[in-house]
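Using our numbering, you'd call the opening residue of the sequence shown number 281 and step up by one each time.
Since the hints were made in silico from the structure, they are not lab data. Glycine residues also receive a C-beta, built at the ideal position from the N, C-alpha and C atoms. It is possible that some hints are incorrect.
Keeping only pairs whose Cα atoms sit at most 25 Å apart, straight-line, the calculated DSS-like set for lysine-lysine is [said to hold, decoys possible]:
1. Lys546 <-> Lys556
2. Lys528 <-> Lys389
3. Lys389 <-> Lys513
4. Lys778 <-> Lys759
5. Lys588 <-> Lys778
6. Lys389 <-> Lys546
7. Lys759 <-> Lys727
Have a look at the derived ranges for each label pair, beta carbon to beta carbon [claimed, not checked]:
8. Thr776 <-> Thr753: 33 to 43 Å
9. Arg540 <-> Arg633: 46 to 56 Å
10. Glu529 <-> Gly648: 20 to 30 Å
11. Pro581 <-> Arg633: 16 to 26 Å
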Amino acid sequence: MTPHDFRCVREAFDLSGKRFMRERIQLLHTNNGDVFRTHLFALASRTGSARCRYDGERGIENAPLQQAVNTFGEGTRQRWGKVVIASITSCTNTSNPYVLIGAGLVAKKAHELGLTRKPWVKTSLAPGSQVVTEYLEAAGLQEHLDAIGFNLVGYGCTTCIGNSGPIQPEISKAIAEGDLVATSVLSGNRNFEGRISPDVRANYLASPPLVVAYALAGDMNIDITTEPLGTDKDGQPVYLKDIWPTNKEIADLVHATVTREAFLSKYADVFKGDAKWQGVETSEGETYDWPATSTYIQNPPYFRGMAKEPGQITNINGAKVLAILGDMVTTDHISPAGSFKDTTPAGKYLTERQVAPREFNSYGSRRGNHEVMMRGTFANIRIKNEMLDGVEGGYTKGPDGAQTSIYDAAMAYQDAGTPLVIFAGIEYGAGSSRDWAAKGTALLGVKAVIAETFERIHRSNLVGMGVIPFEFTGGQTRKSLGLTGDETVSIEGLDTVKPLDTVPCHITYGDGRKVTISLKCRIDTAPEIEYIENGGVLHFVLRNLAKA
Numbered sequence: 281m282t283p284h285d286f287r288c289v290r291e292a293f294d295l296s297g298k299r300f301m302r303e304r305i306q307l308l309h310t311n312n313g314d315v316f317r318t319h320l321f322a323l324a325s326r327t328g329s330a331r332c333r334y335d336g337e338r339g340i341e342n343a344p345l346q347q348a349v350n351t352f353g354e355g356t357r358q359r360w361g362k363v364v365i366a367s368i369t370s371c372t373n374t375s376n377p378y379v380l381i382g383a384g385l386v387a388k389k390a391h392e393l394g395l396t397r398k399p400w401v402k403t404s405l406a407p408g409s410q411v412v413t414e415y416l417e418a419a420g421l422q423e424h425l426d427a428i429g430f431n432l433v434g435y436g437c438t439t440c441i442g443n444s445g446p447i448q449p450e451i452s453k454a455i456a457e458g459d460l461v462a463t464s465v466l467s468g469n470r471n472f473e474g475r476i477s478p479d480v481r482a483n484y485l486a487s488p489p490l491v492v493a494y495a496l497a498g499d500m501n502i503d504i505t506t507e508p509l510g511t512d513k514d515g516q517p518v519y520l521k522d523i524w525p526t527n528k529e530i531a532d533l534v535h536a537t538v539t540r541e542a543f544l545s546k547y548a549d550v551f552k553g554d555a556k557w558q559g560v561e562t563s564e565g566e567t568y569d570w571p572a573t574s575t576y577i578q579n580p581p582y583f584r585g586m587a588k589e590p591g592q593i594t595n596i597n598g599a600k601v602l603a604i605l606g607d608m609v610t611t612d613h614i615s616p617a618g619s620f621k622d623t624t625p626a627g628k629y630l631t632e633r634q635v636a637p638r639e640f641n642s643y644g645s646r647r648g649n650h651e652v653m654m655r656g657t658f659a660n661i662r663i664k665n666e667m668l669d670g671v672e673g674g675y676t677k678g679p680d681g682a683q684t685s686i687y688d689a690a691m692a693y694q695d696a697g698t699p700l701v702i703f704a705g706i707e708y709g710a711g712s713s714r715d716w717a718a719k720g721t722a723l724l725g726v727k728a729v730i731a732e733t734f735e736r737i738h739r740s741n742l743v744g745m746g747v748i749p750f751e752f753t754g755g756q757t758r759k760s761l762g763l764t765g766d767e768t769v770s771i772e773g774l775d776t777v778k779p780l781d782t783v784p785c786h787i788t789y790g791d792g793r794k795v796t797i798s799l800k801c802r803i804d805t806a807p808e809i810e811y812i813e814n815g816g817v818l819h820f821v822l823r824n825l826a827k828a
C-alpha cells in the first residue's frame with residue numbers, strides 16, 4: 281500500500297508517541313503493529329512488570345490484559361495495546377478545517393458501511409472553536425461523527441490536559457490489577473506520561489482522521505494500513521483505504537462550508553460569554569478580596585515577609601536531597617496538569633474542605649490555588665524518584681528516612697529549616713513551558729536543581745522563581761557519583777557568583793564519606809543575578825514598581 285492509495289499528504293499518516301512528541305512513526309513505511317508492540321514492551325520493562333516477555337516473532341507473551349471485561353454489557357477480551365481513549369481535541373490542528381472535514385468524511389464513510397468505534401474506546405470531539413461545529417453541521421458530517429461516538433463535549437482543552445474523564449470502571453480495574461499498557465490516540469500536542477489519563481501509559485498524537493480510524497480499529501497491535509479496521513453490514517472486511525477521503529472531496533466541502541460569515545458571527549460576541557459567565561457575581565472593589573473558602577483561588581505566599589530592598593545571594597549549606605530524577609523529566613512530571621485522586625496530597629487537601637472527588641477537576645484548573653499546586657508538584661503518577669526502588673509517583677524519603685510523599689517531606693524539612701536540592705539527568709524540564717513547574721519547586725523549599733543539562737525555558741523559569749540551576753562538569757553525573765539521596769549538600773562561592781561561574785559543591789554521603797565536585801552555575805546573565813538577589817523576578821518587578 282502506498283501514499284497514492286490514500287491520496288493524502290504524508291503528515292496525515294504520521295504518529296507521535298509513545299511518551300514524547302519527538303517520537304515519530306511513519307505508518308506508511310513501517311509495520312506499525314510491530315512498532316507498537318516494541319513500545320509496549322519497553323514501557324512494561326521500564327515500570328518493572330515481570331509478567332511479560334517480548335519475542336520479536338511471537339510478540340508479547342504472558343500479557344496480563346487477557347481477562348474478560350464487560351464493556352457496555354458486551355463480553356470482550358482486552359489485551360495489551362488496546363485503544364481506550366480516542367479524542368479529537370482542540371490543540372494545534374483543529375484550527376485546520378481540512379483535517380476536521382477529513383475526519384468527518386472518514387466517519388461518514390465508516391458509518392455508511394456499518395462501522396462504529398469499538399465498545400471499549402472512549403471517544404470525544406472538543407474543537408477549539410464554535411465555527412468548527414457550524415461547518416461540520418453545514419457539511420452534514422457531525423451526524424456521522426455522533427453516530428460513531430465523536431459527540432461534541434465542549435470547546436477548549438480536554439483530553440490533552442487530562443480532562444477526558446474516567447474510562448469504563450471495569451476496564452480501569454483490569455488495567456490496574458493487571459499492570460497493563462493501555463493506549464490513547466488524540467489530536468493534541470502533548471503526550472507526556474500521566475497527562476492524558478492515569479489508566480493509560482502509551483499516548484499517541486495523530487491527525488483527526490487517524491484518531492477516527494483508530495477508534496474504529498480499537499487496537500494498536502494491528503497495522504491499520506494493511507489490516508481491516510472492522511467489518512461492514514455484510515460481514516466483509518473494511519480497510520482504511522475504503523474510508524479515506526480524497527483531497528478533492530475534502531477541498532470541495534471546505535470551500536462550500538467554511539465561510540467568512542461563520543467566523544464573523546461566532547466571534548462577534550466572543551468576549552460576552554454565555555449566560556453562566558454573565559451571571560458570575562463580582563465585587564466592585566479595585567482589588568480582589570481573596571475569599572478564604574475558595575478552593576480554586578488563594579492569595580499566593582510569594583511576597584510574605586518581603587523586605588523593601590533586595591538581599592544577597594548566599595551559599596547553600598547543609599541541604600538535603602528531595603529527589604533524584606532521570607533523563608527527560610518533563611514539566612508534566614514536575615507539575616502535572618491532569619486529574620488526581622483523593623489519596624494524593626492534593627486530593628486530601630480538597631477532601632478536608634468537603635470537595636467530593638468527582639469535583640476535583642484537574643491540577644490545571646486549580647492553578648490559582650498554590651496549596652493544591654504545591655501538593656501536586658513532583659506528584660505525577662509516572663515520575664520515578666531514584667531514591668526509592670521500584671516506586672512510581674510523587675514519593676521520597678522524609679527526614680526520618682521513611683517513604684512519604686514529596687510534599688509531606690518538603691514541609692517537614694521546611695519546619696526544620698533545612699534547604700533542599702534536586703539531582704537530575706539530561707534535558708531536565710523538557711516539554712511545555714509551565715510556570716508552576718518552577719513555582720511549585722520554589723514553594724517546596726528547593727534552593728538548587730543540579731542536572732546534566734536543562735531545557736532552555738525551564739532553566740530560565742527556575743531562575744525567575746529564585747531557584748538556582750547548576751550543571752555537572754567533567755563528565756560527572758548522579759550515577760557516577762553514586763548518589764542515593766542520603767547525602768548532605770553544600771554549595772559555596774554563591775556570595776560572589778558571576779554569570780556561568782564554576783563553584784565548588786561539597787557532598788557528604790550517608791556513611792560519612794566526603795567529595796567535592798565543581799558545578800557550573802546556570803545563572804546565565806547579569807539581570808538573572810539581580811533576579812536571584814531579589815528572590816525571583818516577581819520580587820524584582822514589584823520592588824521596581826514601588827520605586828517608580
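Numbers of unmet hints, in rising order
Going through the list in order, the structure violates hints 4, 6, 8 and 10 and respects the others.
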